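Visitor: Each chain is listed here by its residues.
Number of protein chains: 2
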Amino acid sequence: MMVPLWTALCWPQALPPRSLAAREVPVPETVSPVLREAIAPAWNPPVVPRNADEWRAFARQRDEVRAKQLPELRERLGVRVEETKIAGVRVYRVRPASIAPVNRERLLVHLHGGAYVFSGGETAAYEAILMAGHGGIEVLSVDYRMPPDAPFPAALDDAVAVWREVIRKNPAAKTGMFGTSAGGGLTLATVLKLKELKVPLPGALMAGTPWSDLTKTGDTYFTNEMIDNVLGTNDGMLDGAARLYANGRDLKDPLLSPVYGDLSGFPPALLLSGTRDLFLSNTVRTHRKLRDGGGTADLVVYEGQSHGQYMIVNRAPESAEAFRETARFFDKHLKR
Amino acid sequence: MMVPLWTALCWPQALPPRSLAAREVPVPETVSPVLREAIAPAWNPPVVPRNADEWRAFARQRDEVRAKQLPELRERLGVRVEETKIAGVRVYRVRPASIAPVNRERLLVHLHGGAYVFSGGETAAYEAILMAGHGGIEVLSVDYRMPPDAPFPAALDDAVAVWREVIRKNPAAKTGMFGTSAGGGLTLATVLKLKELKVPLPGALMAGTPWSDLTKTGDTYFTNEMIDNVLGTNDGMLDGAARLYANGRDLKDPLLSPVYGDLSGFPPALLLSGTRDLFLSNTVRTHRKLRDGGGTADLVVYEGQSHGQYMIVNRAPESAEAFRETARFFDKHLKR
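Top line first, the protein sequences correspond to chains A and C. Here the first sequence is numbered in my numbering, starting from 361 and rising by one per residue. Here the second sequence is numbered in my numbering, starting from 361 and rising by one per residue.
No wet-lab data here; the hints were simulated from the structure. Incorrect hints may appear among the rest.
One copy or two, either will do: identical chains are not told apart, so a pair holds if it fits within one copy or between any two.
Each computed SDA-like pair below joins lysine to any residue, with the alpha-carbon atoms no more than 20 Å apart [stated by the list, open to error]:
#  : residue 1 : residue 2
1  : K576      : A606
2  : K612      : L552
3  : K576      : R383
4  : K692      : P628
5  : K576      : E384
6  : K612      : E389
7  : K534      : P628
8  : K692      : T656
9  : K558      : F418
10 : K529      : R416
11 : K576      : A400
12 : K576      : V408
13 : K428      : I672
14 : K534      : R434
15 : K692      : R651
16 : K612      : F418
17 : K445      : S379
18 : K692      : G654
The structure displayed is predicted, hence computed values, not measured ones.
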């Protein structure tokens, strides 16, 4: 049977979308009460900034809210944070009260999330505090430059510069790298860049619900739209932040959307997501690519969680579980 | 602050459900064209049988449809199927044209899916043909008894009886066990039962999108309702089949819903699911329980797939991928 060329070319678009009726979704009973409270509310859509000043104001406001959580979090997890500079980049050295003996010569480099726009300054270290506290390991959190003032490749350049300097003293095989959301995407992009530069790679990495595709491509961008109450949808804020960061570059450039990169030769990687996560597809597509590349890649999907709630809902037992899980993964794969 | 006791007791129920508006979900571009065609259609609700005769007629009809696929599938994958009996139970011995040298002393025991009601007779071996063909390993598929004639614990008894007999000749450590859907749930329940009986356990297992909770408990029973176009919803057919199988027993009995069992001491387990799978929560809750039990448990979630589509859509490259993935897992964990 002859099929016209245009049919073959256009065929994927020719399948119509599925219509879903309006419905109610209950709060799951299969998570802790603290997490349940975070899952219950509907997504609260932000007002999307329209220019550089509005992005700055928006980021400042978000960061101020998170900064208020930091003293209690440091106190509760018994963690000290010290600001310093490495390779000219501001970093936060995050030390738990007690470092596990096996971790005394190990270090984790942390790249924070926040859509490449938020979570700068002292809030960069928020997730690093959770990791250091639950994992009993020292973490170095990179307060990389961000748009609107410093778009791509500033964040990547800062991550690479800090890494190069860190491994002058710390063996790369004993040093891990991790981050959630944009931090997960940047972790993957940094390893791609280090491969290209033939710089020694981290001994292991964790990419939590990585923003590995900056375009609205992947199943759960649609199926979990509005079910995820952290991100809600890609339209608006996320799309705007992606374009602000990319600064005119193709969003499918592997250094922006690492799922399109060559992930062969990557170190062992742990990927985290949740059943309601808008980035579940970003996570499982990256997982598949890493396995296809021949690497060790472990996937954990948390029941009921939207994007990054293991990090955001820091009082939930599921948060401690995720960072202990990550610590076990690093313990297994980082050189002793 | 004083909180009345009734508030504390009733509080989880007090969180209101989330309302989702009607919407359209596109067919993902991130899967193969063959899979895309299977993802596109809306779920086609079956007429739920109301009595034993209707269940029998329904099962016969479903099995006839699948039986028609078997000759082509055997031919395409170069697999021979031979009916025999072990411990009085009908089984199908499924042999690929070429068995990988490392697999010559290995064997997989297969427990088929079909909601504990369908996929009996020769269709029991459907998934076993895929596994044997893609994995280059011999598979023994158990045509266990099913309701309405033989409800719980007939299926479990048959699985245990066959296993006991198999390991008289084949070392348990060189023998794996696997199944999808009800077959995944039954695989887990059988291992629970073998633990209880102190019979040697399989060397490794694969539980694909396991029906590990026969009650409508777990997040994706709701979030993926109607998004999954294989199962659609738990209401009606699935719930009816669960009750038919349980035959009056508590659906949360761990031998019916193994996610409620003690999964410590389990062999290494591979768990498969999909982003649209109604049983994604069944899968990730089981994954968590296995990790909490200290075991090795690997999770793979396939992009865009509803319940068991890696098995159902047998012409998709994603199907070959899933069974090759499973073969690699067994190769890694079964004794040589």
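Visitor: Would you mind marking each hint as holding or not holding in the structure?
Guide: For each hint, the structure was consulted:
Proximity of K576 to A606 under the C-alpha cut-off of 20 Å is restricted to the intra-copy arrangement: shortest distance 15 Å within a copy versus 44 Å between copies. For the homomeric pair K612 and L552, the shortest alpha-carbon distance inside one copy (14 Å) is at most 20 Å, but the shortest distance between copies (47 Å) is not. Taking the shortest Cα distances, K576 and R383 sit within 20 Å of each other only across copies (16 Å), while inside one copy they are farther apart (24 Å). In the homo-oligomer, the alpha carbons of K692 and P628 lie at most 20 Å apart both inside one protomer (10 Å) and across protomers (17 Å), since each shortest distance falls under that limit.
Taking identical chains as interchangeable, the C-alpha atoms of K576 and E384 lie at most 20 Å apart only when they sit on different chains, with a minimum of 15 Å there against 25 Å within one chain. Taking identical chains as interchangeable, the C-alpha atoms of K612 and E389 lie at most 20 Å apart only when they sit on different chains, with a minimum of 15 Å there against 38 Å within one chain. Within a single copy, K534 and P628 get their C-alpha atoms as close as 13 Å, which meets the 20 Å cut-off; across copies the closest is 27 Å, which misses it. Taking the shortest Cα distances, K692 and T656 sit within 20 Å of each other both inside one copy (12 Å) and across copies (13 Å).
In this assembly of identical chains, the alpha carbons of K558 and F418 never lie at most 20 Å apart, being 38 Å within a copy and 61 Å across copies at closest. Taking the closest pair of Cα atoms, K529 and R416 never come within 20 Å of each other, the shortest separation being 36 Å inside a single copy and 71 Å across copies. Only between protomers do K576 and A400 lie at most 20 Å apart by alpha-carbon distance; the minimum there is 19 Å, versus 25 Å within a single protomer. In this assembly of identical chains, K576 and V408 lie within 20 Å of each other by CA distance solely inside one copy; the values are 17 Å within and 38 Å between copies.
For a Cα distance limit of 20 Å, the shortest separation of K428 from I672 inside one copy, 14 Å, qualifies, whereas the shortest one across copies, 51 Å, does not. For the identical chains of this complex, K534 and R434 are neighbours neither inside a copy (25 Å) nor across copies (49 Å), given an alpha-carbon limit of 20 Å. Taking the closest pair of Cα atoms, K692 and R651 come within 20 Å of each other both inside a single copy (18 Å) and across two copies (15 Å). Proximity of K612 to F418 under the C-alpha cut-off of 20 Å is found in neither arrangement, the shortest distances being 26 Å within a copy and 48 Å between copies.
Within a single copy, K445 and S379 get their C-alpha atoms no closer than 53 Å, and across copies no closer than 48 Å, so neither meets the 20 Å cut-off. Taking CA atoms no more than 20 Å apart as the test, K692 paired with G654 passes in both settings, with 18 Å inside one copy and 14 Å between copies.
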